[in-house]
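Q: Residue numbers for the sequence shown follow numbering that gives the first Met the number 0, beginning at 0 and rising by one.
A hint or two may mislead.
The list that follows gives simulated cross-link-like pairs (lysine-lysine, DSBU-like), each with its CA atoms no further than 35 Å apart [what the hints assert, rightly or not]:
#1 123 / 31
#2 83 / 181
#3 123 / 143
#4 4 / 138
#5 120 / 6
#6 179 / 75
#7 171 / 92
#8 143 / 182
#9 92 / 123
#10 62 / 2
#11 143 / 4
#12 143 / 6
FYI, nobody ran anything at the bench for these hints, they're computed from the structure.
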Amino acid sequence: MNKLKLKEAAADFFVAYPGGFAHPDMMKIAEKHKPEKMTALAQQFFNPDAFADYGQVVENMVKMVSRSSMISIFEKPRFRDYCKSLDADSARKLSDGLYLFLHGDEEKGFDQLVSVLQQGKIAKWSIITIFPTYYRPQKEVFVKPTTVKAVIETFEIQEVKYHPTPTYDFYKKYRDVINKMKKEVPPSLSPSNAAFSGFLMMSMGV
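Produce the entire structure from the sequences given, and follow the hints as far as they go.
A: Structure, rendered in C-alpha cells:
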C-alpha cells in the first residue's frame, strides 16, 4: 500500500470537504444512499432468526437489491427474475449461503452464494457483497469492479489481484486491505466502509 498517496488523497479531500463526511455536501450525498435505513433493513431481514423461513429470506434479498442505490438498474431485474425462477431446493441453498456468510462459515457461505447465482449467470461481485455491506457496514466491503481495480492500481496494493469471478480469497484479502487503509486516515472519512470507498472513488475520479 502506498500510504503517502492515501494520506495525500485524504488531505485533498479535506480541503474540498472540511470535516470529511460531516461536510454538508457529503451529508446530502449520503442522504440519497440512505445508509442507516438500509442497514436497519438488512439487520431486520437477515438476523439469525429470520432464516427460519428461507422463502422470505430470498424475497428480502430481492427487496434489498431493488432498493439499493449501489446496484445497477440492469442487475436489479435480472436478480429479481432469477430468484423468482428458483425451485425450493435452490432457494434454500441461496438462503443458507447467506446465513453461513453472515452468521457461520464465511467461506462456505460465500462459495454457496456464488454457486447458486452462477446457475443464473448472475454471480456478480456487487450482488454477492451488497448484503454483508449493509449488514455489517464497519467491517464488510462492497466490491464494485471499476473502483476495486482503480484502488489496487492507484494505491499500489500488492497483496491482491482482482479477478472478475467472485472468490472468497479475494474478498477476504481486499476487505483486510480496506480496513487497514481506514486506519491510515482520520475516522471522519470512514463512517462506514461504503463511505470510505466513496472517498477513494472521489479521490481517484472514478
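Q: Are any of the numbered hints broken by this structure? If so, which, sorted upward?
A: Those not satisfied are hints 2, 5 and 10.
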